[in-house]
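Chains as they are written, first to last, in this note's numbering: chain L, 1 to 181; chain R, 1 to 293.
Hints should not be assumed to be uniformly reliable.
Footprint (simulated), chain L over chain R, 3 or more residues, beta carbon under 8 Å [claimed, not checked]: (1) 14 to 26; (2) 136 to 143; (3) 179 to 185; (4) 229 to 240.
In case anyone wonders, no lab produced these hints; they're calculated from the structure. Every residue gets a Cβ at the ideal spot worked out from N, C-alpha and C, and that includes glycine.
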Amino acid sequence: FFSFSRLFEDLTMAATLKPYLNAVRTTLEAAMCLENFYSQRVERHLKPEVEIRSSKEVLFAPLEICRNDREKVLIEGSINSLRMSIAIKQADEIEKILCHKFMRFMMMRAENFFILRRKPLEGYDISFLITNYHTEQMYKHKLIDFIMEFMTEIDKEISEMKLCLNGRGRVCAVEYLKMFN
Amino acid sequence: MILLEENNLVIFETLKAKFSAAKPESVAVVAIDFDGVKYNITNPGQDKGVITLSASMRIYSDLVAHGVVELLKREYGDYLVEPEDGYDVTLRYELASLPEDKEAVAKKASLLKRNCFAAVFEKYFKMQEEESPSSEMATVHYHEEEAMYIAAQSDRVTIIFSTVFKDPDDVIIGKVFLQEFKDARKAHQQAPQVLFSYGEAPRELAGVKGVLSGDNVGFVTFVLFPRHTNPANRENTINLIHQFRTYLHYHIKCSKAYLHQRMRSKTSTFLKVLNRAKPEAMTDKDKKFGKRG
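Given these sequences and hints, build the entire structure.
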């Protein structure tokens with residue numbers, strides 16, 4: 001019974017992945033229409049409106065795309081910037097710390113990543129901030145490709161790291177204990 | 001290298017080199033070992049023909065009650081002398097009167113820490129062998145806050161390690177490793193039984209003073225059976241068990257380093273993908289301007 005329910009869960013997970021990623025991609029394509037916009041509050045300043053959130057008329061309705069209760073994506077748009085936050089699947093304690101370590105590692109290198117935000121939003125594991133500067137300097141469709149690849153690769157990497165850790169633990173234990181005769 | 005050596009390589013290599021040197025050389029080496037052990041190899045009073053190895057150990061005071069002095073006399077015979085000031089054990093080697101097999105002497109010297117631990121293990125293994133268990137549990141404080149507790153019954157010897165995980169991530173990685181230790185017995189029947197718990201000390205330690213408790217404290221219990229403690233396998237068991245804590249933490253740290261390596265390589269892969277988003281036309285333009293300017 002146990003194996004059947006796991007199989008069912010895996011099948012439904014696989015079934016939800018494609019529509020989930022499609023929904024995220026199309027939302028990003030719609031939201032990533034960014035143009036230069038000078039701040040309406042402070043003269044001669046230019047700020048990402050999605051972060052400042054002071055002028056309601058330049059903000060778009062935020063959209064949350066949920067795959068299940070733990071995995072979801074929040075996309076908030078504005079006239080000159082877009083913020084995307086991802087909540088990554090973390091099934092157990094080990095995945096939690098691996099995810100946490102990995103996200104922290106990347107966020108410390110946010111300068112290299114241009115579009116990465118140094119701190120994730122409350123309730124999410126990682127956030128991107130894309131401004132009109134980025135879309136002027138980089139291809140929009142390639143940026144979206146990057147984000148989609150990022151989402152799939154993260155899950156894969158965390159699973160692999162967990163497998164490696166379990167494997168290492170097993171080798172350590174077996175090598176030590178088999179020396180007892 | 002998965003298993004750690006039971007001897008100290010610094011001591012071994014230093015003494016091996018000095019013993020087999022053509023001419024007596026001067027030596028001044030300070031070395032550190034796991035479990036709070038510090039070594040000092042010197043020539044006493046500038047005499048190059050004599051080398052002394054002194055060690056100070058956190059555990060020595062605990063071990064005196066368990067017969068460590070007798071064991072050291074047994075193992076090192078005439079080499080054992082009065083400890084130097086500030087040290088617990090001193091061995092003295094006269095280069096002129098060393099036996100043929102100098103390497104074996106050096107090897108023996110490098111097993112000093114292991115032999116000190118052996119005192120308390122041998123005592124309790126013998127107790128189990130003679131089926132005369134004492135109700136007292138031996139406590140060895142081998143690390144800052146951590147201790148090892150040894151008890152003997154008529155058919156087994158139980159050794160409980162209490163260990164602190166300073167990093168909260170280590171606690172979870174430690175759980176993964178210790179679960180594997182527990183499960184390994186299914187495949188290898190000859191291994192001792194391993195149990196572990198977090199936070200609360202196991203029942204066997206009820207009534208023992210100074211036992212740690214807390215979320216980041218783990219207790220690992222080894223149940224050694226007569227096959228492990230009998231005279232034939234005793235030495236091997238002591239070699240393995242006295243450095244269990246070091247082994248566990250060493251491998252946890254290795255795993256973290258490996259994870260770090262993986263994360264670094266994955267991050268650079270991501271960066272490569274991101275850089276594909278930059279139009280190539282930019283670099284051509286830069287080149288053109290570069291050539292002109």
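Going through the hints against the structure:
1. 14 to 26: Violated: only 0 residues of the stretch 14 to 26 of chain R have a Cβ under 8 Å from chain L.
2. 136 to 143: Three-residue rule not met by the stretch 136 to 143 of chain R, so violated; n is 0.
3. 179 to 185: Since three or more residues must qualify, the claim that chain L covers the stretch 179 to 185 of chain R holds, with 6 doing so at under 8 Å.
4. 229 to 240: Since 4 is at least three, the answer is holds.
Taken one by one, the earlier hints fail for this structure at numbers 1 and 2, listed in ascending order.
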